[in-house]
Amino acid sequence: MGKTFNPKITAFLCKWCSYTGADLAGTSRLQYPTAIIPIKVMCSSRVDPVFLIRAFLKGADGVLIGGCHPGDCHYESGNYHTRRRFAILQSIFDSLNLEKDRLRLSWISASEGPKFARVCNEFTDKIQKMGPNPTRKNMFI
Amino acid sequence: MSKMLTTDHGADKSVVDLLRFLLDTEKVSGVLTLRKTNTSGSLDYGLLTRSQELDRAVPLMPVMPANAAQSLSLITPTQKPIAVVVKPCELRGFVERIKREQGSLDNVLTLSPTCGGVIPLDTYIKKSKDNLTKDYYKQVKAGEIPESIRPTCKACEYFVPMTADITVSVVGEQNLDSKCRFILNSDKAVSMTEGFGSVENGDLDAKILDDHLKKREKEKKALFESIKFKQDGLDGMIDVFGKCIGCHGCSRVCPICYCLLCDFESRNFDQNVSLFEKELEQKGALRLPPDTLFFHLGRMSHMSFSCVGCGQCTDVCPADIPVASVFKKIGENTAALFDYVPGKDVNEDIPVLVFKEEEFKELGE
Amino acid sequence: MAKKSKSVLVVGAGIAGIQASLDLAEMGLDVHLVEESPTIGGRMPQLDKTFPTNDCSMCILSPKMSECARHPGITLHTLSSVTSITGDPGNLKCRVLKRAKYVDPVKCVACGLCEEKCPVKVDDAFDMALRKRKAISRYFLQSIPAEYTIDKEHCLYLTKGVCKLCEKTCPAGAIKFDDKDQEVELKVGAVIMATGIDAFNPIGFGHFGYHLYKNVVTSLEFERMLSASGPFGGHVVKASDQKEPKKLAFIQCVGSRDESINKNYCSSACCMFAIKQSIIAKEHIKALEPTVFYMDIRAFGKDFDKYYDKAQNQYGVKFIRSKISEIREKEDGTLKLKYSLENGEIRYEQFDMVVLSIGLEPRKNLEALAGQLDINLNEFGFCRSEAFKPVQTSRPGIYVCGGMNGPKDIPESVVAASGAVAGTLKSLKIERQALAASDGESGEINVIGERPRIGTFVCHCGINIAGVVDVKKVAAEAGELPNVEHAENVMYACSSDCLETIKQRIEEHHLNRIVVAACTPRTHEPLFRETIKEAGLNPYLFEMANIRDQCSWAHMDEPELATSKAGDLVKMAVAKARNLSPLERLPIGINPKALVIGGGLAGMIAALSIAEAGHEVVLVEKDKELGGHVRKLYYHLSGKDPQALLSETIQKVKKHKAIELLVNHEIQQINGYVGNFTTTIHSPKTDKETTVEHGAVIVATGAKEHRPSEYGYGQSTRIVTQTEFEKMIHDQSFPKGRLRNVVMIQCVGSREPDKMVCSRVCCSDAMKNGLELKKVNPRADIFVCYRDIRTYGFKEKYYTELRDKGAMFLRFEPDGKPKVEVQTIDDPNSKLTVTAFDPIMEKEVVIAADLVVLSAGIDALEENSTLAKMLKVPLNADGMFLEAHVKLRPVDFATDGIFVCGLAHGPKDMDETMAQAQAAASRALSFLTKESILAEGTIAEINADLCSGCGYCEEVCAYTAIEVNPETQVAEVNDALCKGCGTCVASCRCGALDLRGFSNKQLFSVFNELELIKED
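Residue numbers (numbering that gives the first Met the number 0), protein chains in the order written: chain A, 0 to 140; chain B, 0 to 364; chain C, 0 to 1015.
If you're looking for bench data, these hints aren't it; they were derived computationally from the structure. Just so it is clear, the structure is predicted and the values come from calculations on it, not from any experiment. Heads up, the beta-carbon is just placed ideally off N, CA and C, and yes, glycines get one too. One should not assume that every hint holds.
Derived, one-sided and incomplete: chain C residues facing chain A with beta-carbon distance under 8 Å [unchecked claim]:
id, residue
1, 94
2, 212
3, 232
4, 535
5, 539
6, 545
7, 548
8, 553
9, 558
10, 561
11, 984
Pairwise CB distance ranges, derived in the manner of DEER restraints [what the hints assert, rightly or not]:
id, chain 1, residue 1, chain 2, residue 2, range
12, C, 622, B, 48, 52 to 58 Å
13, C, 200, B, 336, 49 to 55 Å
14, A, 100, C, 69, 37 to 43 Å
15, B, 285, C, 943, 33 to 39 Å
16, C, 964, B, 187, 29 to 35 Å
17, B, 336, A, 133, 24 to 30 Å
18, A, 129, B, 346, 42 to 48 Å
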């Protein structure tokens, strides 16, 4: 079709760290692709793995969870739970040979505007190379 | 060295005798055991309180009409002591349920065999029962893996019960028809069986079990290879789960799925018409009812690390999907992340409820 | 009775000032917070990470900063300073100079265009001059208030009358060149000073070559280098060649512990700071080889030694005990360090980069300020606080906290801040606060059952958004979305006329949901929520699309894609808005009474502070007597008498009418939650039970002296602990008449592999008792066997003093502990020898000791675990109570309404205990002074029909806010405790839990909107 592929990446960002880091990336005028579509949540641990599965099956080319660094969670230990849940989901994708690289977990603190921009750039790059999520076109979901 | 109690009768009769003894001496007020429903040969689990009911009991029958873990949740916690005869995977399933507040082992005396495996219901119902069990026991006594059992049973490494009070030695027992050995694993087992027979030191035969384990491990490897999807990834998933009719029978019979109403049957993930329309606009086609893969992937994320591999789901699948084999494979991998063995210990934390600060350092970059 | 006021002045808006202001404002007082710089935050924003948890400094601070800026009880005066204070406590008049900002803060939208255009470059003080800013600038990118100010010293127009480029550029017309300094007078009841601390300037000091050698930097500069938001984006490079350093040296005590420059005090934080930096740097550069050159490693705080251990054993940081005598720079910028080891051996070693761990010193202007305000300074130029009065200045009515009266780390500053608040309360009028009328839900438009009618406002933000995003198109598209009744473009959504417009539109179009597409909800959501509330809508019927910070600013070169993304973001916000429901914040009644557990110094001070603020307190002590550990203390380094303090305090407690004293009682059961606790107290003597209802709990149960099993303790009456020795000195009764040789052994039961904890006070106690012994027996020879002498802060001078008086200090390593031998066990006259290795002479020394004094550490009480279970609060690995956050919530527990102070929290001295007790009282009062508090609106809710009672939610909740009811087997959410994180919701297998405001349905609707966007 010759059209460029514009990936869509859902980014669940925790309100306290990653969302703030994303704001800082903007305030610092750091540039990253428009593919990243942020969704604010209170804590990365609000993100049920089922959300990721849902987003993946509905055609999101990538799904990012951004949370506070381990130990920094505004809610004491939420991100540790996020990490375990993510590890489980990744293992499932791995075992099934599903494209686990479409899922990404990143710890981005409130002062890591540059890291947020870097993660967005890297992740979009990777997704760009992987191409559109096959679930976009497959009627069987 | 554990305590051991030996009888001079066949295993099935000895277990029934022990249950009768427990009821008659009022050490327990009821027993849960497999029994013949009627003369035509169908089976069910029965909670029996009168010893004459035991006439029809077949506690060691290698069939699983339901995973007893679910039933145990219904009848525990109990004030009155009961004895239950269940397969090792049923006991593990129940331990997983206890961790989820779905029952208790207090006042429950657990008996479980070293398990030769379970014959699929379908086979059991359709084939001649006498021949089936005859062949089955021939192989079990020889320490072989019976041909007729469920694929996941063949591949099961946990055929020795993990937390039973009393282990009934079955696998590799040459004299299974004339002798029965009970291993008493707990103080409770010793005190409850007091008066039933003489107790000496003794244990299961490690060599026999080890040899058998090696066979199972080999089977497991073969099984996991056999369920490698024809194509990888999404297409592979569709190959396997494309047949799914969405009955959710697999989750209904699952010992781990304790939810009153499965999340995936609730209204939580409902879509409205306009969303379907949008999706249609993009894809030009829509599978109905939707969310087949969503259900299976979602269920894996919910419970795979606790899967005890009992095989009940495959047994009930009307579309012949090897659900148990897939889940067992996925589950082994997810549980391995935490060195978790489902059903091993009631005090072991469910992986998703705890964490270690120093773990998965590679995640989050 | 002295006059009381409702107003209070806080000077300095660093973490201490912010904490004090928040505590005061939460008690319903009017706070004026005066800050010299253009932003609040103080030093913390400059820090990359904090020890010992490596928490991101800004992450933990920024919520507090916004809370402080938003609090209706706090008036900020930035770029301001206090010039005089007159009057008496309760009735003080303060003159405050508010300097001109030359930018109208109301109009400024912090877009930064002015700074881009400004031609004048100035060293950026925030980044330690490692980069430039402009003459018009924002102090740092996350500063609060988020406004630009003009530096009048450097502005071309203000100095030379030319330029005005900023004025031409500013799209909001915010530049105000005719702005003037103003002086205002504030009438307040009390003042809290928190002007903070400066860092030592090492220019020309100690031959370290700072500013001469390119690769020598200060620890503060290094911190900015490490920071992701710093001048180099967290990429540490040498100035000489822009390459990563491989060998990195830290030099400790630069500008501390140095009598030659009148700094015979320890800056307390630099050891940990260097350890932290070495760890973080090592994480940045894997091949880095950090070395720390030090005199003593003073890792004396809670869990600090574990951190030190981690640096050595996990990160491979090298620690060398030595003084650097010289640094030479080689041509390639490499630095050659000359240093001598303990045994006198001279060594040379080359490093790529040297970090000077600069000490902390009084603020430059403190002397002048102290003169103006008539407060005394101490010998080192810090604000003077007497012993046992840790938060007071010499002038009644003026209190002090933070680094102003001595070097402190962050938690100590926070403790001092809350402690100072407790001090001010007797001059302030505290009333029980009813919920503000505006907090009620009365008059709210009922939207339930109505279909959504959404109003969408798309902001231009001048050209900040409109310069990149086609905002007209976005608004037009929004207007076409289902349920959107109205969509329009606005120039500045946050301007007051636009807020009026929003209210008007709500009325005109009967809108019941509002979406604003503008900047970030983090800063502006509260404003818009307030606005729609004024228009009669429930404030939760609002959603924001962040099309500036996370769109136009981040995609400046892709206007088309940015427009399409903005469209997506608006669609998603509309989708969420469609599913929003009004949320209620339920009031939770607060019982004004407090329960204090433990009648030692901490418990008594806490109880008194609360009682003096007019609240009833029940004070429970398990012993027959009040006083706790202080009963065993007879001396204090300051020369003051602990026993006098104790009896005075006990008298006050016994006399105070508001304190109900229950000695010889123990806690049996505690139920309930913030504001509503019920506690059963049992008296073993009468076997009677009392039930108390109260609103807050303070845990002050203390700790105990370690009972040594080592060094022959128990084998001779001449082997004693430090407290036993103290009593001997006091009673003048030594087991062997006149003493000649006294050997002290430090770290007994501390800093051991299984208890990697420094007991903090033992080094100072050794100095104290050593000096006291010298007073009664000047001829006694004192030997101190130690690992590191940790006389932090102003205690350093007593270490110097004891050394000057001839005490011998013998350092030992954990594998070369001194050996104590008793020739005949239990014989009081037996020969007693101590064999120790002297690392200076490099040989063994055998001392015939008359007395061996073991500096036994502080152990947690075993019974802590029982109480912790009752309160459902955590203990750390050493059995001490674990606070909610080691930096910013040092006396709180994660569970609201429960606080901790004193030794129960960890080892500390009497002044620290008193400050912490006052802090715990303040924190408790911030709840107790309210008739009720509002629960969060964003909280978990349970669908009981679906709940299987599995208890997953209970396990993962950090706040004990959800529990399975054993009767019904259904989980129940405690609205008062739920913080709305949603951890439990995502753990719920049955789909029975949901999070209000972030429900499954809402979140699904948001990303369903996105995924299905048509691609080609």
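These are the hints, each one checked on the structure:
1. For residue 94 of chain C, the interface hint is violated, since its Cβ never comes within 8 Å of a Cβ in chain A; the closest pair sits about 36 Å apart.
2. Nearest Cβ of chain A to the Cβ of residue 212 of chain C: about 29 Å, over the 8 Å cut. The hint is violated.
3. With a least beta-carbon distance of about 5 Å to chain A, the hint placing residue 232 of chain C at the interface is held under the 8 Å criterion.
4. For residue 535 of chain C, the shortest C-beta to C-beta distance to chain A is roughly 26 Å, which exceeds 8 Å, and the interface hint is violated.
5. With a cut of 8 Å, the hint placing residue 539 of chain C at the interface with chain A is violated, because the nearest CB-to-CB distance is about 14 Å.
6. The closest approach between the C-beta of residue 545 of chain C and any C-beta of chain A is roughly 7 Å, which is under the 8 Å cut-off, so the hint is satisfied.
7. The interface hint given for residue 548 of chain C is met, as the beta carbon of that residue sits about 4 Å from the closest beta carbon of chain A, less than 8 Å.
8. Given the 8 Å rule on beta carbons, the hint for residue 553 of chain C holds: about 5 Å separates it from the nearest Cβ of chain A.
9. Taking 8 Å as the C-beta cut-off, the interface hint given for residue 558 of chain C is violated, the closest approach to chain A being about 10 Å.
10. Taken as an interface hint, residue 561 of chain C checks out: its beta carbon lies about 6 Å from the nearest beta carbon of chain A, inside 8 Å.
11. Interface hint status for residue 984 of chain C: upheld, as the beta-carbon distance to the closest one in chain A is roughly 6 Å, under 8 Å.
12. Evaluation of the 52 to 58 Å hint for residue 622 of chain C and residue 48 of chain B yields a pass: the beta carbon distance comes to about 57 Å.
13. About 52 Å separates the C-beta atoms of residue 200 of chain C and residue 336 of chain B, a value consistent with the hinted range of 49 to 55 Å.
14. Separation of residue 100 of chain A from residue 69 of chain C is about 41 Å and conforms to the stated range, judged on CB atoms against 37 to 43 Å.
15. Judged by the Cβ atoms, the range 33 to 39 Å given for residue 285 of chain B and residue 943 of chain C holds: they are separated by roughly 34 Å.
16. About 31 Å separates the C-beta atoms of residue 964 of chain C and residue 187 of chain B, a value consistent with the hinted range of 29 to 35 Å.
17. A beta carbon spacing of about 27 Å between residue 336 of chain B and residue 133 of chain A agrees with the range 24 to 30 Å that was offered as a hint.
18. The supplied range of 42 to 48 Å is met by residue 129 of chain A and residue 346 of chain B, whose beta-carbon atoms lie about 43 Å from each other.
When each numbered hint is compared with the structure, violations occur for hints 1, 2, 4, 5 and 9.
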